[in-house]
Amino acid sequence: MSDPVDAARLSELPLDDLVACHECDLLMRKPELAHGEKALCPRCGYELYAHRHNVVQRSLALVIAALLLYVPANFLPIMELNLLGQSSKDTVWSGVVALFDTGMQSVSVIVFLCSMGIPLLKLLCQLAVLLSIRFDIGRSYGLLLYRIYHHLRDWGMLEVYLMGVLVAFVKLADMAAISVGLGLVCFISLLLVQVGLEVVMSPHQIWQALSGEDAHAGD
Amino acid sequence: MRAIDAGILICAECHELNNQDADSDEQVCTRCGALVHARRPNSLVRTWALLITAAILYIPANVLPIMTINSLGKGAPSTIMSGVIDLVHYGMFPIAAVVFIASILVPTFKLVGIGLLLFSIQRRQPLSARQRIWMYRFIEFIGRWSMLDIFVIAILVAVVNFGRLASIEANLGAIAFASVVILTMLAAVSFDPRLIWDNTESDDDHD
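Sequence order for the protein chains is A and U. Under this note's numbering, think of the first position of the first sequence as 88, with each following residue one higher. Under this note's numbering, think of the first position of the second sequence as 9, with each following residue one higher.
Simulated from the structure, these hints should not be mistaken for laboratory data. Check before you lean on any hint, since a few could be wrong.
[To be verified] The following residues of chain A were derived to be distant from chain U, with all beta-carbon distances above 10 Å:
id, residue
1, R139
2, H140
3, V158
4, M250
[What the hints assert, rightly or not] Each pair of labels, with its calculated beta carbon distance range:
id, chain 1, residue 1, chain 2, residue 2, range
5, U, L124, A, P118, 31 to 37 Å
6, A, F256, U, S90, 15 to 21 Å
7, A, G123, U, L124, 37 to 43 Å
8, U, L80, A, K125, 28 to 34 Å
9, A, P101, U, F127, 17 to 23 Å
10, U, R138, A, W180, 42 to 48 Å
11, U, L124, A, Y228, 38 to 44 Å
12, A, W180, U, I67, 41 to 47 Å
13, U, Y98, A, I224, 54 to 60 Å
14, U, L124, A, R240, 21 to 27 Å
15, U, V120, A, S193, 23 to 29 Å
16, U, V71, A, A264, 31 to 37 Å
17, U, V120, A, W180, 33 to 39 Å
18, U, Y98, A, L279, 52 to 58 Å
Heads up, the beta-carbon is just placed ideally off N, CA and C, and yes, glycines get one too.
Isolated chain A (complex conformation) (with noise of 0.2 Å):
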């Protein structure tokens, strides 16, 4: 509020001009972006939105591909493990399964949510939000999905998981021969492709999309 002159104008701006950072609401007049720009607040630092192309074509070729990705990530082997003859194989699924018997419910339920069950809810949000913009059906449900993929964004930790899977084969290299299975080349490559979801997927062209401010903003 160095300048009182130039705050009383920017109030008067109607909202469509102005532009608020999420993170430490300074008010801003709204700049105007090319393809591939983005905007970032002055004050925090904090992205206030990207401009990408053809967002919705690429998330969806995205969501699929993940979709596709997530059912052998998660059942086919990540490891095989062979002590004195015998073996077993650990996926995603039976670690859940087996804290579960072992009696540790609450812990397999976190395990499960994290691992499995938020990333899939996330990408079955995206899915639905972007097949909402792209048939114009359905855009109010669009809003209500998007908004609960928000709240769980943070919840799904794929990644961790893989560095999980790290940890646990060095604590088990000197004990047994371990092989790496299939499962770990698809977790591996659902995980990426969800990164390159998070960055293609720009919110905001997602709202002003199935808002219908913007018909074109997902182009």
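We have chain A already, so just place chain U on it with the hints.
Leaving out everything else, chain U in the frame of chain A:
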């Protein structure tokens, strides 16, 4: 200037701007229909409550064993710290460092860091806004990584399953530890970062 001074509310979910309606207590966003508030209601109290609960559970999480390794009839309980020490004994220093950071340093840093953030906002001291926002972002980003040990336990319990020869079971410490991680993540979510900037001097305020 701040949006709150201009009578504009930012939707917490879709970031749409809404003109503040002076008459209504429960205003909803014109775009996405979520409740909009100038600041999250009771943000500081809720964050304190979650933080204190997490701090209490932090003790059993570190003292109780998180898993027991049974091998040939002998059971060896293992706490978080002893897991790290074992890795050091095997000579796996990089992985030991990762586990030490994720399971010991990060939860401790989060408890202290969120406490410091809350304290510095309520007392208007002793951190600058810029230090606070970096601390907040770091805590928000790093929080999830503490789940590492819980996932490791899930994998080990599933794969080391050879009956009397060798097996691993999870123990109560794992529940306490998972609760600490989730409670501190919830504390970071319930904290409203806009409070960081509300009571700082406006010298680094760009209009």
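Legend entry - Hint check, failures only: Checked against the structure, the hints that fail are numbers 4, 8, 9, 12, 18, while the rest are satisfied.
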